[in-house]
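> Starting from the known structure of chain X, arrange chain U on it as the hints suggest.
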Amino acid sequence: MSKSASDPAVERPPTTSDLTPLAETDEITPQTTIGKFKIPTDALRAYTMVFALIAIWIYFHYSTNHIFLEPRNFSNLMRQTAVTGVLAVGMLMVIITGQIDLSVGSVVGLAGGVAAIAQGWLGWGLVPSLASGIAVGIGIGAVQGTLTAYINIPAFIVTLGGLLAWRGVVLGLTRGETIPLRLQSFKSIGQDYVGPTVGWVIAAIAVAAIAWLTIARNRARRRHGLNAPSLGTTAVRIIVPSLVVVGFIYLMNSYEIAPGVRAGIPNPVIIFLAIALAGAFLTQNTTFGRYLYAIGGNPDAARLSGINIRQHILAVFCIMGALAGVAAIIYTARVGSASPDAGQLLELDAIAACVIGGTSLMGGRGTIFGAILGALIMASLDNGMSLKNVEPYMQNIIKGAILVTAVGLDMAGRKRG
Amino acid sequence: MTTSDQTPFLEMRDITKTFPGVRALDGVSFDLHKGEIHALVGENGAGKSTLMKVLAGVYAHPQYGGDILIEGEVRRFASVREAEKAGIAVIFQELSLVKEMSVAENIFLGREPRKFGVIRWEELFRRARKLLNDLHLSIDPQTPIRNLGIGQQQLVEIAKALSHEAQILVLDEPTAALTDSEVETLFAILTKLRARGVGMIYISHKLHEVFRISDRITVLRDGKTVGTGPTSEWDEPKVIARMVGREVGEIFPVVDHEQGEVVFEVRNISVSDPVLPAKKLVDDVSFSVKRGEVLGIAGLMGAGRSDLLMAIFGAHAGRVSGEIRIDGKPVRITSPAEAIKHGLGFVTEDRKRFGLVLDQTILNNMTLAGLRRISGRFVTSIDAESAASERTMKDLHVKANSVFTIAGTLSGGNQQKVVLAKWLLTNPRVLFLDEPTRGIDVGAKQEIYAQINKLAKTGLAIVLVSSELPEVLGLSDRVLVLHEGRLTGEFSRSTATPEKIMACATGHSKRAA
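Sequence lines, in order, name chains X and U. The first sequence: position 224 = 224 (our numbering), numbered continuously. The second sequence: position 387 = 804 (our numbering), numbered continuously.
Don't read these hints as lab results, they were simulated from the structure. Because the structure is a prediction, the values reported are computed rather than measured. A few of these clues could be false.
Said to hold, decoys possible - Residues from chain U that face chain X, not an exhaustive set, calculated with beta carbons under 8 Å:
hint	residue
1	Ser752
2	Pro753
3	Thr765
4	Phe771
5	Leu773
6	Val774
7	Asn781
8	Ser792
9	Phe795
10	Thr797
11	Lys839
12	Glu916
To be verified - On the chain X side, residues computed to face chain U include the following (Cβ under 7 Å):
hint	residue
13	Asn218
14	Asn285
15	Thr287
16	Asp300
17	Ala301
As the list claims (entries may be wrong) - Not close to chain X: a few residues of chain U, all C-beta gaps over 10 Å, as computed:
hint	residue
18	Gly452
19	Ser598
20	Asp632
21	Glu653
22	Ala695
23	Arg708
24	Thr875
25	Ser909
Backbone N, C-alpha and C fix where the C-beta goes; we use that ideal spot for every residue, glycine too.
Bound conformation, chain X alone (with noise of 0.2 Å):
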């Protein structure tokens, strides 16, 4: 064949992969062998992470005098994991498709900058003011969509140059200023809480949700000729996720933010919860989450199967967009104010949190649940080292550790498994 033969002859925007040579792929099925136990490594992954975040807890709980996993701040602790978290949702969808986004922190200021902006000089009420933040955000991810889908810029490059722009722009309106929220309800939506009843009602629908998933995925199941799990094992799948929401809401519930007055779930988590949720079934459920794997995993393949990629990474960084404008808001709302240098250095938070959560790099692997845990690795370390006194520059030094350490670990099992 001609020269080209090794280039790719398919017309399409590059992407992570492109760097990569294609994995040289295991004859076996990838499984770890624990005792007599065999489990596949994805979900052996999945326990470990989640062994992992209950080790940090413990450990920090006993070490701050059983402050840590006290009402108060574990309603805080979740309150600070909303604006990562939502922000994680965004990027994992990114980088699936084998993208990165490094410009969030700064849409994160510009986004609530504009905001704040028009809710104070321009006196706009609560709903155009939100809008606006979310707004700039879509408007910023269809730009830089745009120059990575269809002018083929690498997103590196095209977001690397938005950290900087984009932070010039708000500098720019703000003229360098703090500017202060002055609606109460753009507030409360940082620092209220839905209160104890709506608590239990949310409670009592998620246990519901979580029996009938688990009871019909087994019926589908055993349609298709598989195994189901037995009864017990379908006991326990709905039983502990069930006590955990339990546990949570009576938790989140339990904080008394006055004598007498219980706080409920903070805003924040409500939003972050609920786009988790659209995250999750957005990826897992839908074409347009399949396609995004399949762009990531092989995005000739893709092509060829007639997926339309550029429209689909132009998507996902809208959708980026609009999930950081979403993250501005709750975290102006939160401050109370919008500075110009909000939401420096979030963009990394995000990746950690995907990363963290086992989410491939070179795209086409990773999970909304992976990186939500991710998250609150990460909003759990900053929280705990804050509550233990850990000097800043401490804590950037092990949070910076901690992230290398676990994608080590991670590719060391790779290689056992």
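Just chain U, lined up with the frame of chain X:
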């Protein structure tokens, strides 16, 4: 050739290698003399590659059972490096050259002649030139690898192996990507090396090559040796029978397909090179296919066959002109999505690269192209998808535990069936098959052939591109021949012969009737 009486240069005794749940090699013995070409044949998954990985030190000693002896001495390689030092060089199917570096740099990569840590470039190029001259290769050592064709790259790999003073050269499917003239060059070099006393292990699916070049043949099946003997005492049917464990009757049952009206037609298609727009990869090609017809397209590599299909499918990066008609009506196809909408399916040449998402399940791969049709426009239905993929998996005899098996873990033949399944699930009217049996074993090949005949019988129009002439001749109702982007011949089943097709494919004959 003095081979049988002395102790072999290399002996592998009773080699056993297990992966979790699978015994890949089960007491295989194999030997090689100096100055001998020993062919290793067997279906995919028979254990050839695993055996060579054991030899090359990819699996260090305790990971396999049995002994490797070189000149009668037991050797245990802890690494690929050690095996290399012992004179073993393996040239794998995927070449391991650095594309941006020159031929000379690649040959001496990691072993550059140095003085005080500074590379002595003149010395490097001088040595490389000498090495290439010894092989009678007219390749400039300063040429970047990316400027060479696959065939020449392969030859550079061999030069590299020889620069290590390799005594044992393992060639894994060396001709898979070579043109006929490149094969000749390769064989001339192998013959020369044989005379120099280099022992070679030659792995190939192409039996006629094995018979041309080898001195002995060993057949592996299911991780066991099922026969070793001098090539002169074997013939192709015997080897095939050993490989598949049964006598192969007719590989190509001659089926005349019942043909209907023309469904698909291209007129005056031209495709230009995306990098050099002046160069035409496909030049003014027209053809048509009828319902139920199998149209073969023959031609050498680089004749523009894949470019033609990519262009028809709306996936070519170069400029495409010409007209496509479906059911007599002109259509515009500018993307694969539109091609699929118009009822075209395209089993691409390189399944790992263009066909499969290797780390996803069989189900995900099978439903990818027809996902919206099978599963729903937006929300997917795992029920509908499992049902469709399980049915197709059964129809095509894909061997796997379930539809949730990861595609990358399957053998080549089964992977190819998954790609075929993907396209059948789009419910196509015209199916393009580009080298559908490349690199897959004889058993799987036959199953693919049977499928092609079966699909044609259901009224599907099939365009089959293949470098294997018996395949084109055995399956096609009509054969077109491409040479340098132009149609140089068209034959009906009754008039086509290998000689005529080769004449057109090499440009020695003007358009025949």
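> Quick check on U/Ser792 please, does its C-beta sit within 8 Å of some C-beta on chain X?
Hint holds; U/Ser792 Cβ to chain X Cβ min 7 Å, cut 8 Å.
> Minimum Cβ distance from U/Thr797 to chain X below 8 Å?
At about 6 Å, which falls below the 8 Å cut-off, the nearest Cβ of chain X leaves the hint on U/Thr797 intact, so it holds.
> For the restraint on U/Phe795, tell me whether the closest CB of chain X is nearer than 8 Å.
Constraint on U/Phe795 satisfied, holds at 6 Å.
> Taking the closest Cβ pair, is U/Leu773 under 8 Å from chain X?
holds, 6 Å
> The output says U/Ala695 does not contact chain X. Does that hold with a beta carbon cutoff of 10 Å?
holds, 14 Å
> Any Cβ of chain X at or closer than 10 Å to U/Thr875, or is the non-interface label fine?
Fine: 22 Å to the nearest Cβ keeps U/Thr875 off the interface.
> Any CB of chain U closer than 7 Å to the CB of X/Asn285?
Because about 6 Å separates X/Asn285 from the closest Cβ in chain U, which is inside the 7 Å limit, the hint holds.
> Holds or violated: the hint that U/Asn781 contacts chain X, with Cβ atoms closer than 8 Å.
At 7 Å from the nearest chain X Cβ, U/Asn781 passes the 8 Å test, so the hint holds.
> Report holds if the minimum CB distance from U/Ser598 to chain X is greater than 10 Å, and violated otherwise.
holds, 14 Å
> Using Cβ atoms and 10 Å as the threshold, tell me whether U/Ser909 really stays out of contact range of chain X.
holds, 28 Å
> Does U/Val774 hold up as a contact with chain X if the rule is Cβ-Cβ below 8 Å?
It holds, given that the least Cβ distance between U/Val774 and chain X is near 4 Å, below 8 Å.
> U/Glu653: least C-beta distance to chain X exceeds 10 Å?
holds, 27 Å
Violated hints, in rising order: 12 and 13; the structure is consistent with all others.
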